[in-house]
Structure formats: structure tokens, C-alpha cells
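K.L.:
Keeping their order, the protein sequence lines are chains B, R and A. Residue numbering for the first sequence follows the numbering used here, beginning at 1 and increasing consecutively. Residue numbering for the second sequence follows the numbering used here, beginning at 1 and increasing consecutively. Residue numbering for the third sequence follows the numbering used here, beginning at 1 and increasing consecutively.
Keep in mind the hints are simulated off the structure, nothing from the lab. Fair warning: there could be bad hints in the mix.
[Unchecked claim] Straight-line alpha carbon distances no greater than 20 Å define the calculated EDC-like cross-link-like pairs of lysine to aspartate or glutamate that follow:
{"#": "1", "chain 1": "B", "residue 1": "Lys-171", "chain 2": "B", "residue 2": "Asp-199"}
{"#": "2", "chain 1": "B", "residue 1": "Lys-171", "chain 2": "B", "residue 2": "Asp-124"}
{"#": "3", "chain 1": "B", "residue 1": "Lys-171", "chain 2": "B", "residue 2": "Asp-183"}
{"#": "4", "chain 1": "B", "residue 1": "Lys-55", "chain 2": "A", "residue 2": "Glu-86"}
{"#": "5", "chain 1": "B", "residue 1": "Lys-74", "chain 2": "A", "residue 2": "Glu-100"}
{"#": "6", "chain 1": "A", "residue 1": "Lys-19", "chain 2": "R", "residue 2": "Asp-146"}
{"#": "7", "chain 1": "B", "residue 1": "Lys-155", "chain 2": "B", "residue 2": "Glu-111"}
{"#": "8", "chain 1": "B", "residue 1": "Lys-70", "chain 2": "A", "residue 2": "Glu-100"}
{"#": "9", "chain 1": "B", "residue 1": "Lys-223", "chain 2": "B", "residue 2": "Glu-194"}
{"#": "10", "chain 1": "A", "residue 1": "Lys-19", "chain 2": "A", "residue 2": "Glu-9"}
{"#": "11", "chain 1": "B", "residue 1": "Lys-155", "chain 2": "B", "residue 2": "Glu-180"}
{"#": "12", "chain 1": "B", "residue 1": "Lys-131", "chain 2": "R", "residue 2": "Asp-136"}
{"#": "13", "chain 1": "B", "residue 1": "Lys-103", "chain 2": "A", "residue 2": "Glu-192"}
{"#": "14", "chain 1": "A", "residue 1": "Lys-19", "chain 2": "R", "residue 2": "Glu-52"}
{"#": "15", "chain 1": "A", "residue 1": "Lys-19", "chain 2": "R", "residue 2": "Asp-139"}
{"#": "16", "chain 1": "B", "residue 1": "Lys-220", "chain 2": "B", "residue 2": "Glu-297"}
{"#": "17", "chain 1": "B", "residue 1": "Lys-55", "chain 2": "A", "residue 2": "Glu-100"}
{"#": "18", "chain 1": "A", "residue 1": "Lys-256", "chain 2": "B", "residue 2": "Glu-58"}
{"#": "19", "chain 1": "B", "residue 1": "Lys-131", "chain 2": "R", "residue 2": "Glu-52"}
{"#": "20", "chain 1": "B", "residue 1": "Lys-249", "chain 2": "B", "residue 2": "Glu-274"}
{"#": "21", "chain 1": "B", "residue 1": "Lys-13", "chain 2": "A", "residue 2": "Glu-86"}
{"#": "22", "chain 1": "B", "residue 1": "Lys-223", "chain 2": "B", "residue 2": "Glu-273"}
{"#": "23", "chain 1": "A", "residue 1": "Lys-19", "chain 2": "R", "residue 2": "Asp-136"}
{"#": "24", "chain 1": "B", "residue 1": "Lys-223", "chain 2": "B", "residue 2": "Glu-274"}
{"#": "25", "chain 1": "B", "residue 1": "Lys-113", "chain 2": "A", "residue 2": "Glu-9"}
{"#": "26", "chain 1": "B", "residue 1": "Lys-249", "chain 2": "B", "residue 2": "Asp-239"}
{"#": "27", "chain 1": "A", "residue 1": "Lys-256", "chain 2": "B", "residue 2": "Asp-73"}
{"#": "28", "chain 1": "A", "residue 1": "Lys-50", "chain 2": "A", "residue 2": "Glu-192"}
{"#": "29", "chain 1": "B", "residue 1": "Lys-212", "chain 2": "B", "residue 2": "Asp-73"}
{"#": "30", "chain 1": "B", "residue 1": "Lys-103", "chain 2": "A", "residue 2": "Glu-100"}
{"#": "31", "chain 1": "B", "residue 1": "Lys-131", "chain 2": "R", "residue 2": "Asp-139"}
Since this is a predicted model, take the numbers as computed values, not measurements.
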Amino acid sequence: MPPIIQIQNLTKKFGNLAAVDHLDLEIEEGEIFGLLGPNGAGKTTAILMLATVIKPTEGTALVGGFDIRKSPDKVRGLLGIAFQEPKMLWVATPWDVVNWHAKVCGLSTEERKRRVKQVLETVDMWEPRHKNVHALSGGMRKRVEMAKVLIQRPKIAIVDEPTTQIDVVGKHKIWNMLLELRDEGSTIILATNELYEADRLSDRVGIMHRGKLLVCDTPKTLKDSILGGDIIDIQLEKDASPTIVEELKSFKEVVDIMQVKPTNLRLYLNRVEEVVPQIMNLLMKKNVPVNSIRMSEPSLDDVFAHYTGLTIEEAQKDEG
Amino acid sequence: MRAIWFVSQIALFGLIASRMMSIPNYFQYYVAGLSVMTLYSAAIFIGFDIYEEAEHGVFEYLLSLPVSRKQLVLGRSIGGGLRAFIYVGPLIALSLYVIGATNPLSFLVALFALFLFSFGVSGMSITIAVIIKSSDRFDILMGVLDALIVRLSTAMYPLAVVQAANPLYGGLASFNPVTYAADLFRWGTGIEAIITLSNPLWPLLGIIAFFAFFTFFGVIIYDRRIEGGGWQ
Amino acid sequence: MSAILHIIEYDVRNFFRYKWWLVGLISMNLADLFIMAIVYNQMLSSDVMKEIGSYFNFFAPGLAVTGLFASAFMIGREVNMERRREVHHYMLSLPMTRMELAIGRVLSGGMRGMIYMSPLLLTCFIFLRFPTIWQLLVILAVLFLLAMGISGLSIAIAVSTSSLEKFITARGLVYYTLFFCSSVFYPLSLIEGLGKDGKFPMVLVTLAEVNPLSGASDMIRSFLLVGYPPFSYASILNVVVFSAVFTFSAAFAYIKIIERK
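Just chain B, with the same shape it has in the complex (with noise of 0.2 Å):
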């Protein structure tokens, strides 16, 4: 079956900023694609372009089998999208919104009643259903928002930040909404730059950043691919000798070793079930008592450090 979406060479300048700079990308049917990047990376510029709502400067993508550029009336018909923002009239009620949006997308007087009750109850906004929407709150609104997505229930789903302003009680009750949306056969481009949640969600990541996209696979593999990807934390009794310190760098599994303070090691290695046993073996062999130790994967932090140089939190500084 060919992808869902192929996109081909899009990019989109203002000025002279390449705000998506050649983006080529495949989303399969049926998956959630996590696209990842800091604020600023171009996610939601790309997203913008794939919903028919800006025209790229270059390239193209097809949706569905239907180009954007030629075809924007048809692609619109198999998106629904959540904006980042809240795109609503602050005189409108969530009702009004979902109710509305209902109808646009074509869901029949009686479904359309059912269903919307059903939406808003789900994203827990049915009581203050006919509130005006500047009077809710942030993380509220962003419900609102999700519930347009919901009750279209789109062959492709888009979802910008779907979690920003969100407690964390809100968060896991929007990522299963996401999770039950694919179940029942939306394919989901979620952008993000929660690492975890993309984790999370995510069947396959991408990671954009300065309007280019730099690595896009499954997260497992992800962060497999980064060398020395495990970390040992290790804390010893006494100081660590620089000796004991070269010993370890001796394992061909250990990539690199930082001595975080006196007593505390930590060591970027690959196979760490494998070659914890032995670290421990010698360390006991040499007398080194050891307080604890604390192993831990890569997490697509990492990944993203791996591949831009930078965290994240860094990452967000420079595009801003």
C-alpha cells in the first residue's frame, strides 16, 4: 500500500528564512508519525502546508493520493486538524464550536447531537459547555480544540502541541483519545516537542529542526542508533583512581566516561545488560566498594542532542 502522505521536496520561505527547508517524508496508513523538534523547527509551518491553509514556496505533497498544490479542496477532505493555538471566536461557546465544526464536516443532524455530547463529555467540557470561550482556561480551550478533531473523526488527523497548558491528569486522558482516534483508523501527525510524549505515542519519529528534517525512524530504533546510547550512574564509596577510571574505558562496550564528581562516574556505553556484570566483577576484583548504581536507555532527548548537538531546551534558545 503506498503511504498516506509523500511528501516531496516542500519547503516554505518568508523572506530569506527557510522556515521548511526540502522536506521529504512517507507516513504510513493507520500510523501516529511523531514530529519532533523545538519550537520554531518548522513543524507546525510544514503541517500548516499539508492542511491546504499555506501554499509552499517549493515541492509538493500528496495526501490521499491528492496533490496540495492542485488539489486542495479534495485534500481538506480527509484532514482535520487541532491548531497549537486555539482557533476559535472568543464569543463562541465550546458548543457552538464542536456543534459547528460538526456540521461543516457533513455528520448528520442526529449523529452530529449524539456524538457531540459524547465528544465533549470525553475532553471533560460538557458542563461548561455554553461558557463563552474567553472565559475558560487555557488548557480548556486546548480540549475544545481536540474535540473538533474527535468528532470528525479524519482519515488523517493533525495535531499541533496537543498537550501544551495541559495538567498531567489532561495530558494521559488526550493521549489515549489519540491512541482510541488510530484505533479506529485515523492515521495522526502529531507535532510536538514533548520528548516523551512523542515517545510515547509515537510509532514512528521524526525530527525537524531548523526547517530540515534530520532522522526520522521508530524510537526504539532511534535510540539504538546512538553509540554509547546506555548510561551507568555509579556511585562509589571512596573517590574513583584515575586507574580504576581507565580499566573501565577498557571495555570495548564503553563509549565514554564522565566523572561527575569524585565519587560518581557516569559511563555512555553500549549492551548494558551485558556488560554490567562485568563492570561489577572487576570493581569488586580491585575492591571498589559501590554505594549504587542506576542504569538507564537513551531517551529521544538524547537522540535529539545526538543528532543536533544541542537539548532541546538549547535547541528552543537558537531557533528563537
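Since chain B is already given, all that's left is putting chains R and A on it; use the hints.
P.N.:
Frame of chain B; chains R and A shown alone:
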């Protein structure tokens, strides 16, 4: 927007409408009234600011300041009036240029009256905003008030003409701060002959009473309404 | 077609959400008619009185037209606000063609003008006289065209101005120039007289003559104030041309400018 309105009212409406009126020098008469209408609409704005502040939580901040409630409301009311006066100042200067003031002393008295009028309108706006506590209802009331208070005044036509058109309108226009302010301003700029304002004392007392009532009544209302979250 | 109806529904619903603004506007309009116009009756010069008969009767049709103008123009403020808050991204992402969206917006602005103006027009009929059915149809058709043109004009301004301040300034200039350089408040002959005397720029006199607000007001007057001013096809043509120009320019501006960003 207000400046465009003001200038177009003078250069277009005032100029053309004065040609169809039987009153001599209606153009100058109208320009003077227009200044007072503009001052009114600028000073009333402070009430809308209060709702804006309440919506954005600035109100709580102001209430948390080490300032007594009385000082706060007096400050807001005088600040609102002063702000309006400064804003409308260039427009008043333009109208003075068009009319031409003759007696500096009378003009100073009129200007003082306009100051008090501006503070009074600002105090009235704050008082109503705090009493009503609903921005929608406030908007509606202000819209209706604006329509009535300006049209049932001598801002656009002399009292005798209003009286002749409808005695009820005339009665209401006689007890209207906009009438007092407009008549005093005309008296101060030397076009009193048209409006037969022989004694400026009556409108001056009216303005002082209006200012005093809404400033001090405003303080009391404000004080009572806002304590303990009563404004919410 | 259903997409256009949805857009109209969206805008008409939003119109009634500004109820406080509508109450303010209607109060102002009623005060203008029942206070200002009645008092003005007392101070008109005998020449003008001879020409128009009663200022109240003269002004009532003009007031209906100004009400139509103000309410139809309001759509521009919303379009501008949507653009500033990027709500237009949502509108552009909806499953409908750009043409449906643009026509829907212009039409709904016109509908809003007609809805607001209806009670004012009815007031005219009650206080002046009821028109014949054909006159009524002509009045409604011309006013609807005018409302469309105004709605189009306001949308064209709204999408061409980047900030609210610029929009408000442009709106002010258009509003007051079209209001005051028209026969809404005073007979056209007065403005022409001022022009002949050299007291008013001829360009503004010409504007008043071709102004669609003058055309629409005088057309209603010609039906309701029998004989004054005489019915003129030229004034209707002015409205038609104005409507056609601004409906299409708004549709073009809405599609081209709003999508460009």
C-alpha cells in the same frame, strides 16, 4: 478613530448641517458641543478598563497594593478623567481654533468646568461598572446612556429648541451634565449669545454637584462592593 | 452550496453574540431618530423645510441605510480579528472551496446588515408610509446589494490591514467620509450648493453624488416621501456598481491575501 470622527464631524457634518439650520453661527455652536461629546466618550472608557482588568486578574493586583480603597478609587476616577482630558486636549484645541475664544478668564472657568465634568463622567463610569458587575450589561447600559445623555442635551442644539420640540426632552436636557458642560464651554469661548446663557453659575454648580456626587458616591460604592471579592 | 450556508450560519450566530454592541447601536439609531431628528425639525431653515418637508421623515430612510452600513461593515472587524488571532487558519482548513468560503463571508456580512436594518426600515414604513409590493421588492433588492457591497468593502479592508489600529483607522475614514458625504443626513442639493459656492471641495461633492448611501437613501425617499427626491435609475446603478466592485474585490482579496501569509 475618535480623532477621525471628530475631524469629519467638523469638516463634513458640521459644515454641511450648519447650512440647513436657521440658527446663526450653528457651525461654531456645533463644534463646541462636539468637544464635550468627545470628552464624554473618552472619560466613560475607564469603566470598560475595569472589566478588562477584572478579566485579566489585574484587579486583584490593584486590590493587593498598600493603598486604601478610597485612594484607589479617587486615583482611578481622577486618572480616568485626566487621561480623557489629555487625550481630547488636541481636539479641544482644534475646536478652539475654529471657534476662537474671546475672554481668557471666562475660558479658564469653562476649562475648569470641563475638568470637573471629565472627572465626574469617569467617576460615574467606575460607579456603574462596580454596581453592575457584568460587562455585557455594562456595555448595554453605556450604549443606551450614551445615546440618551448626548442627544438629550444641548450638545447639538440649544435648550430652547429642545424645549420647543418636546417639553419632556427639554426638561431632561435641563438636568444633564453634558448640557452644563457644553453651555459653559460655549460661554467660556464667547458664543453665549446663541444659547442665551446669561448666568454661568447654574451650570457651574451643576457640574460641581455632578463631579462631587459621582466621585464621593463612587468611593463609597467602590469601597463596599470590592471588599472580600464582592466585585466578582 | 451547503458550505456557504454553514458560513452564513456561523457569521449570523456570531452577529447575535455581540448583543451588547447591537443594543448600543440600536439605542443610538433610535435616539438619532426620535430625539435628534425631532429637535432638528425645529431649527431647519425655511428653504430646507420647503424642500424636504420634515426632517424626521427625511432622516428616517437615511438612518435605515446608516444602520445597514454599520452592521454590514462589522463583518470586517471579525475577519480582521480572525486574521490577527490566526483563526483564519482554521477557516482555511475546512472542507470547502476557497470560493465558497469567500462568498459565504461576503453574503453573511450582507445578511447581517439586512437583519439589523429591517426594524429600522419597518419604522420608516410605519411613520412615513408603506410602499407598494413592487417598491418594497426594489427597496429590499437594492439594500441587499448595498449590504453585500459594504460587507465586501469591509472584508477587503480587513484582509489588507495587518493590525486592528490600521483597520480601525481605515474603517473610520471610510465610515465618516461615506456617511457625511452623502444625502443620508441632509439633501444632496445642500452639498451641491456648498460646492458651487466654493465652500466644499468638488471631489467630495462628486463623491456625495455617486455615493451608494445617497443612492439607496434617495431611492427609499422617492418611494416613501412621494415626489421628493424624484426616482433615479442612476442612483440604483451606483449601488449595483458599488456592490459588484466590492463583492468581487473582497472575494479576490480574501482568497489571495489571506492565503498568502
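K.L.:
It remains to establish, for every hint, whether it holds in the given structure.
P.N.:
Hint check results:
no. : hint                     : verdict
1   : Lys-171/B with Asp-199/B : holds (14 Å)
2   : Lys-171/B with Asp-124/B : holds (12 Å)
3   : Lys-171/B with Asp-183/B : holds (18 Å)
4   : Lys-55/B with Glu-86/A   : holds (16 Å)
5   : Lys-74/B with Glu-100/A  : holds (14 Å)
6   : Lys-19/A with Asp-146/R  : holds (16 Å)
7   : Lys-155/B with Glu-111/B : holds (18 Å)
8   : Lys-70/B with Glu-100/A  : holds (17 Å)
9   : Lys-223/B with Glu-194/B : holds (16 Å)
10  : Lys-19/A with Glu-9/A    : holds (16 Å)
11  : Lys-155/B with Glu-180/B : holds (13 Å)
12  : Lys-131/B with Asp-136/R : holds (14 Å)
13  : Lys-103/B with Glu-192/A : violated (53 Å)
14  : Lys-19/A with Glu-52/R   : holds (18 Å)
15  : Lys-19/A with Asp-139/R  : holds (9 Å)
16  : Lys-220/B with Glu-297/B : holds (10 Å)
17  : Lys-55/B with Glu-100/A  : holds (19 Å)
18  : Lys-256/A with Glu-58/B  : holds (18 Å)
19  : Lys-131/B with Glu-52/R  : holds (18 Å)
20  : Lys-249/B with Glu-274/B : holds (15 Å)
21  : Lys-13/B with Glu-86/A   : holds (19 Å)
22  : Lys-223/B with Glu-273/B : holds (15 Å)
23  : Lys-19/A with Asp-136/R  : holds (8 Å)
24  : Lys-223/B with Glu-274/B : holds (18 Å)
25  : Lys-113/B with Glu-9/A   : holds (17 Å)
26  : Lys-249/B with Asp-239/B : holds (17 Å)
27  : Lys-256/A with Asp-73/B  : holds (16 Å)
28  : Lys-50/A with Glu-192/A  : holds (17 Å)
29  : Lys-212/B with Asp-73/B  : violated (27 Å)
30  : Lys-103/B with Glu-100/A : holds (15 Å)
31  : Lys-131/B with Asp-139/R : holds (18 Å)
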